[in-house]
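Residue numbers (our numbering), protein chains in the order written: chain E, 508 to 831; chain L, 508 to 831.
None of these hints come from the bench; they were simulated from the model. Treat the numbers as computed from the prediction; the structure is a model and nothing was measured.
The list makes no distinction among identical chains, and a pair is therefore deemed to hold if it is satisfied within one copy or across any two copies.
Okay, derived cross-link-like pairs now, EDC-like style, lysine to aspartate or glutamate, Cα gap no bigger than 20 Å in a straight line:
| hint | residue 1 | residue 2 |
| --- | --- | --- |
| 1 | K655 | D728 |
| 2 | K586 | E617 |
| 3 | K692 | E760 |
| 4 | K619 | D525 |
2 protein chains.
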Amino acid sequence: MTEFELIARYFSRPCLDDAVLLAGGDDCAALRVPPGEVLLVSTDVLVSDRHFPAATAPFDIGYKALAVNLSDLAAMGGKPLGVTLGLALPAIQPEWLHEFARGFYTLAAEHKLCLVGGDTVKSPVLSLSVTVLGSAPPNHMLKRSGAKVGDLIAVTGTVGDAGFGLRAVLSPKTMPAALAQHEIKYLHDRLNRPTPRVAEGQKLAPFAHAALDVSDGLLQDLTHILTASGVGADISLNDVPLSPAAQTWIAAEPACALLPWSAGDDYELLFTVKAEDWSRVDFQATVIGRISAEPGLRVRDAHGHIVPMPAQGFDHFAAQVHKR
Amino acid sequence: MTEFELIARYFSRPCLDDAVLLAGGDDCAALRVPPGEVLLVSTDVLVSDRHFPAATAPFDIGYKALAVNLSDLAAMGGKPLGVTLGLALPAIQPEWLHEFARGFYTLAAEHKLCLVGGDTVKSPVLSLSVTVLGSAPPNHMLKRSGAKVGDLIAVTGTVGDAGFGLRAVLSPKTMPAALAQHEIKYLHDRLNRPTPRVAEGQKLAPFAHAALDVSDGLLQDLTHILTASGVGADISLNDVPLSPAAQTWIAAEPACALLPWSAGDDYELLFTVKAEDWSRVDFQATVIGRISAEPGLRVRDAHGHIVPMPAQGFDHFAAQVHKR
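My request is simple: use the sequences and hints to build the entire structure.
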């Protein structure tokens with residue numbers, strides 16, 4: 508199979524978006540950005556056995572590659588416009604490609620997103636580079652740098668699930684026996700099919716002060732906002748939102764209680780808003796702390812005492828190139 | 508060195524383009540597309556030892572990765588807006604990164620192009636994914652599908668140089684002795700630092716009927732235009748534009764005379780124009796044939812006789828994923 512045949516067979520679904528003038532088959536794709544809005548763009552590279560276990564189902568690889576990239580767009584409050592895919596493959600395996608494309612297009616369809624272009628090459632190692640294109644009004648972009656003293660700090664959904672899911676995949680024997688089958692499945696799904704919070708990001712854009720998506724771990728990602736905004740934060744240890752499955756795991760293995768603060772890959776939105784704007788948040792989100800003028804990040808227990816956090820919460824990837 | 512430190516050290520040069528609102532440091536980059544123009548986007552992936560010999564100088568790898576991608580934009584007649592870079596690295600080698608970045612930024616500066624975002628990850632194999640963003644008025648996009656019967660077919664610059672350059676690199680002992688040192692250097696440079704014809708593409712956009720860049724080989728790429736436009740072509744074997752170095756090589760080794768028709772990687776623009784518009788072409792370009800209503804592609808010698816062309820001119824990459 509040539510590259511052209513491969514693209515024709517697996518990556519040429521029709522694009523129904525009027526904003527897409529050209530998708531595939533020419534030197535560039537052509538898209539219309541809504542008048543008055545700016546173009547948003549983000550590129551992610553995922554490498555097999557680095558960003559996902561090599562044994563991950565191809566459907567999930569396709570789904571997740573798009574999800575983590577769309578999540579960056581969500582974190583800016585952007586509307587999706589289109590996506591390109593660079594696929595480096597060790598071999599052409601029709602069944603693998605079929606499933607990979609099915610996963611990718613499943614999530615794309617949920618967001619009415621067209622695959623507008625890309626490149627397919629042979630490589631000894633499977634890797635994927637995804638570039639998402641989107642748009643936003645220039646005064647409604649959710650930057651990292653806008654957090655203000657007094658802002659509430661909040662996070663969508665629950666955190667830690669992907670971290671527990673990864674442990675469940677890599678060391679299934681160490682899973683607590685107390686976990687129900689549906690909880691194990693839930694953790695797997697959270698790892699392999701994260702939900703980019705695209706709608707939530709667009710709702711936040713008009714009033715939130717700062718936002719990003721939780722990919723490196725809640726505390727490490729929060730420090731990005733604090734550094735960019737020149738502020739500090741006080742965080743409440745007990746307010747971290749946990750799923751029932753994560754609660755079951757921690758109840759059975761209390762040593763894991765801090766994992767939700769340092770594990771990445773959840774792709775929830777971490778954001779700050781003025782306290783009086785909290786009522787405008789009409790989707791699931793949890794306040795976990797407050798922006799302060801005092802530099803640094805302090806995690807406090809129920810008594811207000813500062814809890815020392817393990818270093819890997821902040822420095823997980825030092826001495827590695829790695830990372831989203 | 509962490510990913511953040513690596514990006515800060517090698518890939519954070521200031522961006523002076525007013526159209527770039529955000530470059531790096533947030534979840535997405537933000538750019539302004541000129542009012543009334545459409546966004547053009549193209550993604551290329553280059554893998555070490557597949558798209559360039561692993562021993563290629565890192566300066567040249569950086570230069571070429573951007574050049575081949577900018578060439579896609581040139582082939583649409585687009586103006587560059589910005590570029591993202593996905594870098595998958597086996598190891599952090601400061602000297603390598605310094606030179607790679609220098610090559611990438613050297614070409615970027617020539618086109619006043621900002622690196623607006625990207626991703627850096629660890630991988631067993633060096634690979635690069637580059638996504639270029641540009642713009643064009645919607646009625647001035649140079650598509651592949653617009654060739655009309657009677658159009659002149661022309662190509663910028665000279666072709667075959669990169670093919671000879673690759674042979675010079677891979678089998679230096681088979682180079683003809685007649686080649687002068689400066690000719691050998693010229694062929695190496697054409698392979699490693701191709702010139703994206705960005706200005707030429709923008710000049711052609713208002714009147715050319717069809718265009719693409721020669722990456723897979725002159726004949727194979729011409730068939731893309733013919734297929735997309737539903738036309739045929741008659742080509743003049745002797746009119747292919749050759750550099751002095753290529754002429755020296757062919758004079759010494761006549762068996763190589765057809766290489767310029769099948770070798771890729773020259774990144775010249777192949778385009779079609781109405782005969783009466785030829786006078787508007789004010790840069791170096793050579794007419795090599797004419798679009799015909801009769802389907803198929805015929806290469807003719809000086810007597811008008813059809814010359815059988817070797818299959819690899821058309822089917823160089825069958826049974827491989829490979830290829831730009």
